[in-house]
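Colleague: Here is what each chain is made of, one letter per residue.
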Amino acid sequence: MEARAAVARLREELRDGVIVAEHAPVEIEGAKVALTLTPRDGAALAGALALLSELGLSVLPRGGGAHQGFGNPPARAFAILSTAALGGVLELDAGEGVCRAGAGTPLAALRAAVNAEGWELPLDAPGAGATLGGVLACAAQGPRAQGYGRPRDAVLGLELALASGERTRCGGRVVKNVTGYDLGKLYVGSLGSLGVIEAAWLRLRPRPEAVACLAAELPGAGAAAAAALAPARRASVRAALLELSAAGGPGRLVVELAGAEPSVARDRAWLAAELGAREAGPEALDSLRRPAPAPPGYTPLRLRLGARASRLGQAADLLLAAGAVVRAQPGGGLLEASFALPEDADAGALEEAFGAAARAAALSGGAAAIEAAPLSVKAGREAFGALEPRVLALARALKAQFDPRGVLNPGRFAGGL
Amino acid sequence: MAGLVRALESSVGRGACLSRPEELLVYECDGLTLNRSRPLAVVLPRTRDEVVAVVRACLQHGAPFVPRGAGTGLSGGATPAEGAVVIECSRLNRILELDPVDRFAVVEPGVVNADLSAAAAPHGLFYAPDPSSQKACTIGGNVAENAGGPHTLKYGTTTQHVLGLELVLPDASVVSLGSATGFAPGYDLTGAVVGSEGTLGIVTRATVRLAPLPEKVETALVIFPEVVSACRAVGAIIRAGLVPAALEIIDQRTIAAVEASVYAAGLPRDAGAVLIVELDGPGVALAGELARVLEIAAREGARESQVARDEAERERFWRARKGAFGAMGRLAPDLYVHDAVVPRARLPEVLAKVCEIGDRHGLTLSNVFHAGDGNLHPNISFDRRDPDALERVLAAGAEILAACVAAGGVITGEHGVGSEKRDYIHLVFGEADLSAMRRLRAAFDPQGVCNPGKIFPTTRFCYEANPKARGYDAVPLG
Chain Y
0 MEARAAVARL REELRDGVIV AEHAPVEIEG AKVALTLTPR DGAALAGALA LLSELGLSVL
60 PRGGGAHQGF GNPPARAFAI LSTAALGGVL ELDAGEGVCR AGAGTPLAAL RAAVNAEGWE
120 LPLDAPGAGA TLGGVLACAA QGPRAQGYGR PRDAVLGLEL ALASGERTRC GGRVVKNVTG
180 YDLGKLYVGS LGSLGVIEAA WLRLRPRPEA VACLAAELPG AGAAAAAALA PARRASVRAA
240 LLELSAAGGP GRLVVELAGA EPSVARDRAW LAAELGAREA GPEALDSLRR PAPAPPGYTP
300 LRLRLGARAS RLGQAADLLL AAGAVVRAQP GGGLLEASFA LPEDADAGAL EEAFGAAARA
360 AALSGGAAAI EAAPLSVKAG REAFGALEPR VLALARALKA QFDPRGVLNP GRFAGGL
Chain X
0 MAGLVRALES SVGRGACLSR PEELLVYECD GLTLNRSRPL AVVLPRTRDE VVAVVRACLQ
60 HGAPFVPRGA GTGLSGGATP AEGAVVIECS RLNRILELDP VDRFAVVEPG VVNADLSAAA
120 APHGLFYAPD PSSQKACTIG GNVAENAGGP HTLKYGTTTQ HVLGLELVLP DASVVSLGSA
180 TGFAPGYDLT GAVVGSEGTL GIVTRATVRL APLPEKVETA LVIFPEVVSA CRAVGAIIRA
240 GLVPAALEII DQRTIAAVEA SVYAAGLPRD AGAVLIVELD GPGVALAGEL ARVLEIAARE
300 GARESQVARD EAERERFWRA RKGAFGAMGR LAPDLYVHDA VVPRARLPEV LAKVCEIGDR
360 HGLTLSNVFH AGDGNLHPNI SFDRRDPDAL ERVLAAGAEI LAACVAAGGV ITGEHGVGSE
420 KRDYIHLVFG EADLSAMRRL RAAFDPQGVC NPGKIFPTTR FCYEANPKAR GYDAVPLG
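In order, the protein sequences belong to chains Y and X.
The first sequence begins at 0 in numbering that gives the first Met the number 0 and counts up one residue at a time.
The second sequence begins at 0 in numbering that gives the first Met the number 0 and counts up one residue at a time.
Simulated from the structure, these hints should not be mistaken for laboratory data.
Among the hints, erroneous ones may be present.
To be verified - In silico SDA-like links for lysine to any residue, alpha-carbon gap of 25 Å or less:
id, chain 1, residue 1, chain 2, residue 2
1, X, K153, Y, E116
2, X, K215, Y, G148
3, X, K215, Y, E208
4, X, K153, Y, V210
5, X, K215, Y, E116
6, X, K153, Y, E208
7, X, K153, Y, A272
8, X, K153, Y, D152
9, X, K321, X, R302
10, X, K215, Y, A272
11, X, K153, Y, R110
12, X, K153, Y, N114
13, X, K153, Y, R233
14, X, K215, Y, E260
15, X, K352, Y, E116
16, X, K321, X, A255
17, X, K352, Y, D92
18, X, K153, Y, A234
For clarity, every value in this text was computed on a predicted model and none was experimentally measured.
All chains, full assembly: derive it from the sequences and hints.
Modeller: Structural data, given as structure tokens:
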């Protein structure tokens with residue numbers, strides 16, 4: 000269908016339920032989009048998806064736009080589908096420690112509402128302006144995932160609109176539930192490729208009695224990574240992040256403790272005695288987790304890979320030798336390698352970076368995924384790392400079942416789905 | 000059929016294939032003894048390749064198949080469909096790898112839950128999910144049902160502990176999902192398979208997380224004059240931001256049954272309810288947390304609190320909880336263990352309703368439950384040879400589920416839907432919700448050959464049309 004006619008049809012059929020805004024083209028990972036659809040409620044979201052499926056028009060779901068650079072470039076994009084109007088804390092049960100919030104709720108607002116009731120929001124997404132729906136769709140997590148658990152663990156239930164226009168629910172509001180398939184696990188981290196999240200029930204955590212942040216210097220790059228394991232596994236550790244910036248050089252370990260006062264005090268004393276760790280401000284963790292910007296004239300490339308604790312040091316050394324700055328979560332089995340490649344560097348330099356990451360990931364039996372990279376670097380690569388053929392076949396079968404016309408974020412997810 | 004049996008025998012060897020009626024009898028049901036259906040044959044493979052060969056043979060002969068662990072499931076998940084082959088995983092029971100540094104284990108599905116924790120203990124580790132049947136149930140069954148247990152309050156259910164799976168898909172191909180590091184880009188297929196009740200494939204390996212053994216454990220038995228104040232105490236403990244490892248309530252009816260049995264634990268028979276509180280973690284913090292818990296309990300009306308002084312006393316407290324099901328055996332030949340979840344704040348009213356329902360139907364009903372999770376287990380003792388009693392049990396069960404759903408809850412917290420509750424799933428989910436689940440099912444098993452007859456309703460809305468059409472085909476409903 001010709002674009003103008005399609006817009007007219009959307010306006011005619013969706014009426015007041017969806018704000019249809021034409022605007023100057025916005026570029027999202029190479030795709031130029033000049034139309035944004037903003038459903039005012041869940042019914043309108045579902046209605047819009049049904050119509051888009053019928054017309055075969057694809058959309059890029061968008062929350063706060065914090066993760067629009069994540070994943071493969073879109074194969075096609077007719078419009079942006081914004082969840083901005085689906086925001087709001089819909090229910091917060093302070094007795095139960097659970098809450099239901101709309102997908103478009105900014106994470107910061109949700110956190111403030113939850114904290115005000117004496118609870119903690121166990122989501123630790125790094126992106127500024129991120130929304131609940133976006134964080135769940137990307138399964139975005141930071142180092143506090145060690146204490147909080149992964150985003151999927153916080154989700155008790157989801158309300159989600161399928162490409163067919165069906166409004167569905169899975170899970171529920173209770174903290175334990177095996178009624179039907181656990182579809183929430185499938186949706187969280189699926190980058191909006193199977194459906195668009197409308198709202199979520201979350202399990203909150205108690206606010207810790209005490210929080211402390213300490214930093215220590217550990218010698219010897221790979222050796223530092225190995226040495227970071229014991230401190231990262233102390234009982235009250237909520238997050239531990241080790242930054243290594245030069246092969247053979249020392250590492251800076253930041254540990255955040257949270258929990259009962261006596262446990263925090265004991266671990267703080269242990270860290271001071273064993274590692275010479277010093278008190279650091281609460282911002283120490285935040286400053287370390289923000290990706291360092293690449294210098295002018297350099298291309299930033301950030302890769303993420305899983306690392307078994309026993310191979311962390313070896314993996315870190317491989318990445319450092321290839322010129323990366325490494326941030327490791329020793330307690331969470333994750334490594335992030337940031338490369339800054341000269342813009343005029345040849346393809347060989349890029350290959351070296353990816354090669355080192357692949358070798359480092361292979362040490363733990365996994366693959367490396369692109370966390371952030373310019374479009375030119377993503378071209379011709381699978382952003383999520385290569386999927387095993389049988390896993391890819393299953394992923395394709397799922398996509399065909401949930402989004403047969405390829406309307407939802409086409410091309411962006413793992414396997415180019 | 001003879002052709003299929005021959006093909007199965009050549010897949011696993013004659014000694015590992017059962018097909019005589021007397022051999023099949025024991026496989027007619029799992030822990031839900033109400034649902035019975037005789038399989039066509041039972042195979043006991045020893046390797047993944049044998050599982051593949053069995054699935055191939057089933058596909059060639061058009062026979063459905065169902066994986067089975069220890070058969071301790073309580074929702075009929077392992078009950079065979081008409082003409083199905085049971086793939087018994089008990090001989091796939093090796094711990095293939097146990098990595099104490101990286102804190103994970105790779106196990107075959109037939110490994111017994113408690114055996115894995117025992118193997119991990121010398122390294123200061125354990126496998127956290129602990130269903131009451133942990134001395135018998137297997138990891139494969141735990142994965143299928145996303146099994147819980149008393150300690151899920153703090154540690155989470157099975158899904159939080161499974162890092163990866165090897166699965167024989169319903170088309171006999173083998174796929175490896177997830178990763179020992181927990182980092183695996185792409186759809187979280189491991190998470191989708193856990194709790195899928197054996198309908199998406201047959202797990203032949205599971206990579207599971209091992210947790211460090213807690214430094215210290217404190218267990219208290221708190222005695223309440225009635226169950227309502229015990230429930231209120233649980234709510235207040237949670238609201239205070241404490242995360243005990245377990246919060247379990249035993250009601251007066253259960254206390255009476257336990258104390259009259261070999262599991263007698265010295266519980267006061269005049270108590271309205273007892274609450275077992277277990278706290279674990281760093282020793283330095285535990286004394287303070289225990290004091291806060293006991294203070295809250297006292298404020299909510301606890302009559303008395305006993306703190307276990309040693310391991311023997313801790314075991315005595317837990318014997319009352321874990322022996323409850325066994326104690327019911329004295330009361331009647333059959334026991335129907337229900338499973339539903341409600342928001343914790345609704346526990347008092349829902350419990351009262353549950354007891355009222357049982358009384359109204361003239362049934363022996365008692366409650367022992369994971370109060371911290373709001374997970375109820377109303378137990379109904381009865382004799383199924385009495386068709387009238389059976390009908391009352393089923394009617395009461397339906398009312399209990401409806402009451403839990405009306406309170407914002409769900410129809411199962413840890414046992415699964417299975418064949419037991421498939422015609423009640425409409426209480427929780429509508430057609431669109433089920434259509435999303437069918438899409439997942441179709442992606443893995445387009446032909447519907449892997450454990451058919453579970454989770455999804457027998458026919459749409461048949462429950463509304465005919466409350467008795469619940470799949471209890473082998474039992475006359477009078």
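Colleague: Check whether the Cα positions of K153/X and A234/Y lie no farther apart than 25 Å.
Modeller: holds, 14 Å
Colleague: Measure nothing beyond the straight line between the CA atoms of K153/X and N114/Y; if it is 25 Å or shorter, mark the hint as holding.
Modeller: holds, 21 Å
Colleague: For the pair we were handed, K153/X and D152/Y, check the Cα-Cα distance against 25 Å.
Modeller: Satisfied, since the Cα-Cα distance of roughly 12 Å is no more than 25 Å.
Colleague: With the threshold set at 25 Å, check whether the alpha-carbon distance from K352/X to E116/Y stays at or below it.
Modeller: violated, 30 Å
Colleague: Would you check the hint for K215/X and E208/Y, treating anything up to 25 Å between C-alpha atoms as holding?
Modeller: holds, 20 Å
Colleague: Sort out whether G148/Y lies within 25 Å of K215/X, counting only the CA atoms.
Modeller: At roughly 23 Å apart (the allowed maximum being 25 Å), G148/Y and K215/X satisfy the hint.
Colleague: Do the alpha carbons of K352/X and D92/Y lie within 25 Å of each other, as the hint requires?
Modeller: Satisfied, since the Cα-Cα distance of roughly 23 Å is no more than 25 Å.
Colleague: Verify the proposed pairing of K153/X with E116/Y, using a straight-line Cα cut of 25 Å.
Modeller: Roughly 21 Å between the alpha carbons, so the hint for K153/X and E116/Y holds.
Colleague: Is it true that the CA of K153/X sits at most 25 Å from the CA of A272/Y?
Modeller: This hinted pair is violated, its Cα atoms lying about 30 Å apart.
Colleague: For the pair we were handed, K215/X and A272/Y, check the Cα-Cα distance against 25 Å.
Modeller: Distance of about 23 Å is within 25 Å: holds.
Colleague: Within 25 Å, alpha carbon to alpha carbon, are K321/X and R302/X?
Modeller: Answer holds: K321/X to R302/X is near 23 Å, not above 25 Å.
Colleague: Quickly compare the C-alpha distance for K153/X and V210/Y to 25 Å and report which way the hint goes.
Modeller: holds, 20 Å
Violated hints, listed in ascending order, are 5, 7 and 15; each of the other numbered hints is respected by the structure.
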